[in-house]
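Top line first, the protein sequences correspond to chains G, V and F.
Okay, so the first sequence: first residue is 0 according to numbering that gives the first Met the number 0, each after it adds one.
Okay, so the second sequence: first residue is 0 according to numbering that gives the first Met the number 0, each after it adds one.
Okay, so the third sequence: first residue is 0 according to numbering that gives the first Met the number 0, each after it adds one.
Since the hints were made in silico from the structure, they are not lab data.
Any given hint might turn out to be false.
[Said to hold, decoys possible] Below are the SDA-like pairs computed for lysine to any residue, each with C-alpha atoms no more than 20 Å apart in a straight line:
#	chain 1	residue 1	chain 2	residue 2
1	V	K29	G	A70
2	V	K29	G	S66
3	F	K128	G	R54
4	V	K253	V	Q232
5	V	K162	G	H31
6	F	K128	G	R53
7	V	K162	G	Q22
8	V	K112	V	D216
9	V	K162	G	V57
10	V	K162	G	F20
11	V	K311	G	L16
12	V	K162	G	Q56
13	V	K168	V	T123
14	F	K128	G	S59
15	V	K311	G	P40
16	V	K147	V	S214
17	F	K128	F	A117
18	F	K61	F	V2
19	V	K162	G	T21
20	V	K29	G	I68
21	V	K29	V	G98
In this text the structure is predicted, and so the values were computed from the model without any measurement.
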Amino acid sequence: MAAAANEPDHASDQWPLWEVFTQAKDGAPHEHAGSVHAPDPELALQNARDVYARRGQVVSLWVVPSSAIIASSPGEQGPFFDPADDKPYRHPQFYRTPRGVRVY
Amino acid sequence: MSAPSLPPEDAAHAAAFDARIDAGETIEPKDWMPERYRHQLVRMMSQHAHSEIVGMLPEGNWITRAPSLRRKMCLLAKVQDEAGHGLYIYCATETLGVGREELIDQLLSGKAKYSSIFNYPTLTWADIGIIGWFVDGAAIVNQTVLAKASYGPYARAMVRICKEENFHKRQGYEIVATLAAGTPAQRAMVQDAVNRWWWPTLMMFGPSDANSPNSGDLLRWRVKRFSNDELRQRFVDLTVAQAQAVSLTLPDPKLRYDAETGHWAYGDIDWAEFKRVINGNGPCNRERLAARRAAHDQGAWVRDAAGAYAEKQRRRGTAPAA
Amino acid sequence: MDVLFEYLLRLGDDRLVLGHRLSEWCGHGPVLEEDIALANVALDLIGQASRFLGLAGRVEGKGRDEDALAYFRDVIDYRNVKLVELPNGDFGRTIVRQFLFDAWSVLLLERLQQATHAELAGIAAKACKEARYHVRHSGEWVLRLGDGTEESHRRAQTALDELWPYTGEMLAADEVDRAAAGAVAPGVAALEPAWREVVSDVVRRATLTLPADGFMHSGGRQGRHTEHLGHLLDEMQILARSHPGATW
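Extracted from the complex, chain G is given alone in its bound form (with noise of 0.2 Å):
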């Protein structure tokens, strides 16, 4: 029973894409491994599971909204990212704490 092959598929916007980034082992960080299709979260993290991470060797998956993502753009590379050595209070080093205190 073929649905008829003239109508308009909706699955693009039923169908959002997702990013998915996985965690290779226990403390390492989470990194972008592709896209996949889903209609909601629960298939966006069971699809992630089955492409990026069916054989093993990830701990940890994260699934988000294509859409969600916000992203610097190319043009903007050189002061957004320049690590600014002549201000060194944004490194954590500068920063003195009592001992046996935690910091996070």
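Using the hints, position chains V and F against chain G.
For chains V and F alone, coordinates are given in the frame of chain G:
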């Protein structure tokens, strides 16, 4: 889209872009790129993705008849990997502003091309071994190079694919070696498969570059790195030794080692056959597309259902449980 | 009759036949992501079958390995329930069948993890992890089909109604199950109440109607199958049987 002379900002952008390419830099989705670069990439990447998806069919044809549980699982895993590869590349293509639905439409309507090799039928179990050995072998020759392509998302997808592809080729060759060392019936089966798949595999690399209209751009922009002929020669050189190792004959009386060049010279490819197959008149073109169309059409109600459920959950304010 | 051997055949045959059915979807799924998902489940099931049948062969002690059991037994020697040999039908039928089986399989494997037979317990433990993921997948899809569109609801309800008479066979304990419960793993014969709870909860949330119990099919455990299994095995076994003794 060819502009005889670009407006000043575009000309500057184009020059900067070429400089980045020459410097070996990676182009990312939001970077400025010539429209022609974007267009060529979409064409090349989508063709590649379509090939992976259509390629599931000739091999999938033997999953239910695989002759041992181990082979059954290996074949199922391999075909599943191909679905995954198609998915990686469709997703990478989407970064260039084309949705997956549009790409699928192009395939199903016959507008888009896919690799000629998948228009041939798998007639025996030996074909499965040969596809892994020849076809994945040819793909690896192509793809290892693509892992350094100038477009970031494509290159990264290719790195993933290459890791998985090596296991496919080894599996295929293992099947071939097992058959070649097996019963007389098995040996005949695999030699027959070699005879049917050798020339179509050589055609996979595409026509000589003189006859390949898109090669120039792709080479200039570091999307292709080597010519079709160079890659084809690399594949022949690798494969002859492998065939000798299992005592299989390649169906080319003109095949001979040229000590001067260090390469294996081979006979003439029937480019008329290639043209026929590429233009829709191969042995199974219609069946392949019909199968994909059926899956897509019959799946519409399923996709719609999942979309409707998600919409209901949103309206109720309950995200579907994770 | 060796109870353990019989019991292992049932475990293996259920999963081999169901895995084979699911593998028929490869390349024909409704969306690429789901093609991959179904293939995953199929692979897990065939892997489980391979281990259960391998153990069965060793327990039998007549030199038959998993391939000998899979490829060289006839319909009447297969011990799977009829539910798993039925044709896939549409995606709704496939998923509803999968859910009905998965819900039972998780409960069964959880108990088999406590089996006194160490190797069986080990196989069950790994399979149980996989089965939990399978029931999550099939359960979520039953929700989406039942509570999706009118068409998906209709298809899911039809599937549930048509498959319901095949569920009794999974749950009905016969003397092999009772002997297994005694000798191999406690509680494997008493899964019905827990299964009903899981299934009726998902069916309700999917806005579907739980079918009334009526006639229940049986016979698969004794080798008395539907006509479907013959065709399935013909296809599965033809190549191996055409070249007896060959290595692949």
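Structure-based check of all given hints:
no., hint, result
1, V/K29 - G/A70, "holds (9 Å)"
2, V/K29 - G/S66, "holds (15 Å)"
3, F/K128 - G/R54, "holds (15 Å)"
4, V/K253 - V/Q232, "holds (14 Å)"
5, V/K162 - G/H31, "holds (17 Å)"
6, F/K128 - G/R53, "holds (14 Å)"
7, V/K162 - G/Q22, "holds (18 Å)"
8, V/K112 - V/D216, "holds (18 Å)"
9, V/K162 - G/V57, "holds (16 Å)"
10, V/K162 - G/F20, "holds (19 Å)"
11, V/K311 - G/L16, "holds (19 Å)"
12, V/K162 - G/Q56, "holds (14 Å)"
13, V/K168 - V/T123, "holds (18 Å)"
14, F/K128 - G/S59, "holds (16 Å)"
15, V/K311 - G/P40, "holds (14 Å)"
16, V/K147 - V/S214, "holds (17 Å)"
17, F/K128 - F/A117, "holds (17 Å)"
18, F/K61 - F/V2, "holds (16 Å)"
19, V/K162 - G/T21, "holds (17 Å)"
20, V/K29 - G/I68, "holds (13 Å)"
21, V/K29 - V/G98, "holds (16 Å)"
In the structure shown, no violation is registered for any of the earlier numbered hints.
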